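Asks: The sequence shown lines up with residues 1 to 82 when you count with the working numbering.
Rather than coming from a laboratory, the hints here were simulated on the basis of the structure.
Be aware that one or more of the hints could be misleading.
Claimed, not checked - Label pairs and their calculated CB-CB ranges:
1) GLN2 with GLU36: 40 to 46 Å
2) LEU5 with SER70: 15 to 21 Å
3) LEU13 with ALA71: 27 to 33 Å
4) LYS3 with PRO37: 38 to 44 Å
5) LEU34 with GLU73: 40 to 46 Å
6) ALA55 with GLU30: 19 to 25 Å
7) SER60 with ILE26: 19 to 25 Å
8) LEU13 with ASN75: 41 to 47 Å
9) ILE17 with VAL63: 15 to 21 Å
10) GLN2 with ILE26: 31 to 37 Å
11) VAL74 with GLY35: 42 to 48 Å
12) TRP65 with GLU30: 34 to 40 Å
Here the structure is a predicted model, which is why all the values come from computation and not from measurement.
By construction, the Cβ of each residue, glycine as well, lies at the ideal position given by its N, Cα and C atoms.
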Amino acid sequence: MQKLLSILWPSFLVAGIAEGLFFTLIDPQELYLLGEPVRLSRMATYSLGFLCFWAICAASSLVTWYLLRSAAEVNRRVGAVH
Numbered sequence: 001m002q003k004l005l006s007i008l009w010p011s012f013l014v015a016g017i018a019e020g021l022f023f024t025l026i027d028p029q030e031l032y033l034l035g036e037p038v039r040l041s042r043m044a045t046y047s048l049g050f051l052c053f054w055a056i057c058a059a060s061s062l063v064t065w066y067l068l069r070s071a072a073e074v075n076r077r078v079g080a081v082h
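Turn these sequences into a full structure, and let the hints steer you where they fit.
Replies: Below is the structure:
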């Protein structure tokens, strides 16, 4: 559970900052997706934007966690599979 929170909590904070910066510069009613205007309410656009930013930041945190594992931890997991 601690590993999960160490991935999700920082990504939540960074996603909040990213969304704030993004929507400070971009009006949600002027967004286009695949050449079509986004026809969602402002709140829905903010919510979906936050979830997308959070997913991207969580993926980044997950890759960082994966790459920072120690050799002993990697070898222990490989040995457990066999």
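Asks: Give a verdict on every hint.
Replies: Going through the hints against the structure:
1. GLN2 with GLU36: 40 to 46 Å: holds, 43 Å
2. LEU5 with SER70: 15 to 21 Å: holds, 20 Å
3. LEU13 with ALA71: 27 to 33 Å: holds, 30 Å
4. LYS3 with PRO37: 38 to 44 Å: Hint holds: Cβ distance 41 Å, inside 38 to 44 Å.
5. LEU34 with GLU73: 40 to 46 Å: holds, 42 Å
6. ALA55 with GLU30: 19 to 25 Å: holds, 23 Å
7. SER60 with ILE26: 19 to 25 Å: holds, 21 Å
8. LEU13 with ASN75: 41 to 47 Å: The hinted range 41 to 47 Å is violated for LEU13 and ASN75, with Cβ atoms some 33 Å apart.
9. ILE17 with VAL63: 15 to 21 Å: holds, 19 Å
10. GLN2 with ILE26: 31 to 37 Å: holds, 36 Å
11. VAL74 with GLY35: 42 to 48 Å: Because 45 Å falls inside the window, the suggested range holds.
12. TRP65 with GLU30: 34 to 40 Å: holds, 36 Å
In summary, the one numbered hint that this structure violates is 8.
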